[in-house]
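-19 is the number of the first residue of the sequence shown in my numbering; add one for each residue after it.
Mixed in with the good hints there might be a few duds.
Computed cross-link-like contacts, BS3-like style, restricted to lysine-lysine with a CA-CA straight-line distance of at most 25 Å [said to hold, decoys possible]:
1. LYS38 - LYS(-1)
2. LYS16 - LYS26
3. LYS26 - LYS53
Taking CB as the label site, the calculated pair distances span [what the hints assert, rightly or not]:
4. GLY43 - ASP19: 17 to 27 Å
5. SER42 - GLU(-9): 25 to 35 Å
6. MET8 - ASN(-15): 12 to 22 Å
Hints were generated in silico from the structure; no laboratory data involved.
For each residue, glycine too, the CB sits at the ideal point set by N, CA and C.
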Amino acid sequence: MSDLNIQLCPETGICSIIKDNGKKIDLMPFEVKQIKEADGSQDAIKQAIAEIDPDFAKELDSGEINQISEKLK
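Work out the full structure: start from the sequences and follow the hints.
This is how it looks when you write it as structure tokens:
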């Protein structure tokens, strides 16, 4: 598990998630809402991210998904 750099812009609602290896994904506000509505469900969070970038989602481990869930509560 790596520490993710998760940045949520309060003005735009866009969320950037950056892994230690430099891979990055940007979530639009409606995608951030999907993750919030997943209410901590790892499968639902991973599925929401997979719709944007399947490779990024595939590389996420459970600890990283938990980080995303906690940050976007």
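Hints versus structure:
no.	hint	result
1	LYS38 - LYS(-1)	holds (13 Å)
2	LYS16 - LYS26	holds (12 Å)
3	LYS26 - LYS53	holds (15 Å)
4	GLY43 - ASP19: 17 to 27 Å	holds (18 Å)
5	SER42 - GLU(-9): 25 to 35 Å	holds (31 Å)
6	MET8 - ASN(-15): 12 to 22 Å	holds (18 Å)
In terms of the numbered hints stated before, the structure departs from none.
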